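> Protein sequences appear in the order of chains A and B. Residues in the first sequence are numbered consecutively from 253, following the working numbering. Residues in the second sequence are numbered consecutively from 156, following the working numbering.
Honestly, the hints are just simulated from the structure, not real lab data. In this text the structure is predicted, and so the values were computed from the model without any measurement. Careful: at least some of the hints might be erroneous.
What the hints assert, rightly or not - Keeping only pairs whose Cα atoms sit at most 30 Å apart, straight-line, the calculated DSS-like set for lysine-lysine is:
hint: 1; chain 1: B; residue 1: K158; chain 2: A; residue 2: K514
hint: 2; chain 1: B; residue 1: K340; chain 2: A; residue 2: K518
hint: 3; chain 1: B; residue 1: K392; chain 2: A; residue 2: K473
hint: 4; chain 1: A; residue 1: K482; chain 2: B; residue 2: K312
hint: 5; chain 1: A; residue 1: K482; chain 2: B; residue 2: K251
hint: 6; chain 1: B; residue 1: K382; chain 2: A; residue 2: K518
hint: 7; chain 1: A; residue 1: K484; chain 2: B; residue 2: K312
hint: 8; chain 1: A; residue 1: K389; chain 2: B; residue 2: K382
hint: 9; chain 1: A; residue 1: K514; chain 2: B; residue 2: K251
hint: 10; chain 1: A; residue 1: K389; chain 2: B; residue 2: K158
hint: 11; chain 1: B; residue 1: K392; chain 2: A; residue 2: K413
hint: 12; chain 1: B; residue 1: K251; chain 2: A; residue 2: K473
hint: 13; chain 1: A; residue 1: K484; chain 2: B; residue 2: K382
Stated by the list, open to error - Here's a subset of chain A near chain B, in silico, CB distances under 8 Å, partners left out:
hint: 14; residue: L281
hint: 15; residue: I283
hint: 16; residue: F357
hint: 17; residue: S399
hint: 18; residue: G432
The beta carbon of each residue, even a glycine, is placed where N, CA and C say it ideally should be.
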Amino acid sequence: MKKTFEKRLWILDIIMLPAGLIAFFPFYLIIVNTFKTMQDAARSPMALPSKWIFKNYIQVFEETSILQSFWNSFIITVCSVVLIVLIGAMAAYPVVFNANRLTRFAMLYLLAGFMIPFQATLIPLFQLMSDLHLIDKISGLIILYTSGSVFVFFLMTGYMKSIPRELPEAAVIDGCSVWGIFWRIIFPLLKPITITSIIFQTMWIWNDFLAPMLFLNSSSKSTLVLQIYKAKGEFTVDWPMFMTLTVITLVPIFIFFIIMQKHIVKGIAAGAVKG
Amino acid sequence: MVKYVRQLQFLLFLLPILAIYSLFTIYPLIKSFFLSFTNFDGYTEAYDFIGLKNYVRIFSDDAITSAISYTLFFTFGKALLVTLLAIPLAMILDQKFLTRNIHRAIFFFPSIPSGLLLAYIWGFILAPIGSGVLNSVLSELFNIGPQPWLSAPLLAKLSTIVVATWAITGWHAVLYLAFLQSIPKDYYEAASIDGANRLQQIRFITFPLLAPAMTVSVMLLLTGGLKVFEIPFALTKGGPGYETYSITQVIVLRGISETQYGLASAMSIVFFLIVLAIAIFQVTVMQRREQGIQ
């Protein structure tokens, strides 16, 4: 019995090996070509470099404003995510602990937001942003992204319902203010769902292309994704150079993935089991 | 009095979200609806109400009809393919084999970077010229001439689906995996004592218990698919012709690039209704299916 069990698992290793190689192949391809010259890459794109060169990496840092873009992406993501989490968590508090006609209405009103795709609001949004002078401003993009707090609000309400009502009630008796209860008692208890929210919002905002493409023009304000888009036009011939830029932008994502992998998986599971 | 002060304080917590959501989501949606009945071009202040003309024009605009049909084809094609691959992948990744963790990471990682980046990476593989990676492999192994992966209408559509499927299957497999791991092992033991073989166990235990995961996964695939933009935009630029124009791309093109605000707004409202209808239909059908299975 034991033996057939083990044999079958070896078969899985053998079956999955080519599947895994195919799934990983696109990443292998770009990484390997960053160490080649243009001619080498064009002649044999899949082979290992005939001569390993590192000048592409130096050249990317010298010729593009990749560090500036990295910084822009970083600022936009951090500010947006902090605002989203705070606004979302704050809004969930009265809905869960002070339910009345008004908060129930607010909840229904926000629920509608799930069904509204960003694209359906795009045209007036573009006008609105330009009326408010928020186009080509990093702050404009941050303000726009904070509407993502509706999603976090629902995650937070779901989670907050598991907090015993006795906790804030006891604090009221002790004379704690509404404001104090939230920051000292409720918010610290939200840590797990806060981590989930931070991860998913970070991934969404860091990777977003549509909003930066529409709302940021000047190259000094490009996000990383937007920089990749613009570089695609510049380096049409120089594939290794473009691939190097891509690989460099994958590095922070890869580090994020390694550090957060457990939390990401937990977040997907939590979201799914609840939904 | 104290009570009112408290209520007011609670209200303050809701204020930021209500303000930002009203301003950046509800107001633009209502305005989209309003603009869809006008010939507003974004510049001239004066515009006229033209009734349903924009809605009629949607159906005579090749870019728009093409975008609707491509987006639906992409959405359902990707949803089907991902579902067919993610469930067996999750079942395999649930087994304890030597390279399990490496494979989990390999399949999951593509769902982390931006779709634009992934599509550009695939651009090198699918490049239609002879030096494209896939074409050079095919010519060396099978002596097949270069195929226009991104420039023939049907091939281009299928290519975008394949790339999107590659990117997201691992993510959905993890979702199914979470459900698989919540199935008590006793069920399988009881079934094998009753003489059920492995296939019967999958058919009568695993599959029914995965039904709720399938509802969630398919819902995410459909709503995500309808919003597709980056992968076709980066791979094919919407071409050949309008063949792989997504609804998003056509809204940006007609609305922002060509400032046909009225037409693009009508398109936005139609898009909103498509999303609404498909989401409601899918959840109703699949929840009924869940109840039918259990």
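> Determine for every hint whether it applies to the structure shown.
Here is what the structure says about each hint:
Distance restraint check for K158/B and K514/A: the Cα-Cα separation of roughly 44 Å exceeds the 30 Å cut-off, and the hinted pair is therefore not satisfied. Straight-line distance between C-alpha atoms of K340/B and K518/A comes to about 21 Å, which keeps the hinted pair within the 30 Å bound. Our distance criterion of 30 Å between C-alpha atoms is met by K392/B and K473/A, whose separation comes to about 24 Å. Straight-line distance between C-alpha atoms of K482/A and K312/B comes to about 24 Å, which keeps the hinted pair within the 30 Å bound.
Using a Cα cut-off of 30 Å, the hinted pair K482/A and K251/B is violated, with the two alpha carbons roughly 44 Å apart. The suggested pairing of K382/B with K518/A holds, with an alpha-carbon distance near 25 Å, which does not exceed 30 Å. Distance hint between K484/A and K312/B is fulfilled; the C-alpha atoms sit about 22 Å from each other, no more than 30 Å. At most 30 Å may separate the alpha-carbon atoms for a hinted pair to count; K389/A and K382/B meet this at roughly 25 Å.
For the hint pairing K514/A with K251/B, the CA-to-CA distance comes to about 18 Å; that is within 30 Å, so the pair holds. Distance hint between K389/A and K158/B is unfulfilled; the C-alpha atoms sit about 42 Å from each other, more than 30 Å. Restraint check for K392/B and K413/A: the C-alpha separation of about 46 Å exceeds 30 Å, so the hint is violated. As the CA atoms of K251/B and K473/A are separated by approximately 48 Å, the hinted pair breaks the 30 Å bound.
Distance hint between K484/A and K382/B is fulfilled; the C-alpha atoms sit about 23 Å from each other, no more than 30 Å. Look at L281/A: its Cβ gets to within about 6 Å of chain B, closer than 8 Å, so that hint holds up. Interface hint at I283/A: violated, since its Cβ lies 10 Å from the closest Cβ of chain B, which is beyond the 8 Å cut-off. Interface restraint check: F357/A against chain B, minimum CB-CB distance 10 Å, threshold 8 Å, status violated.
Taken as an interface hint, S399/A checks out: its beta carbon lies about 4 Å from the nearest beta carbon of chain B, inside 8 Å. Given the 8 Å rule on beta carbons, the hint for G432/A is violated: about 10 Å separates it from the nearest Cβ of chain B.
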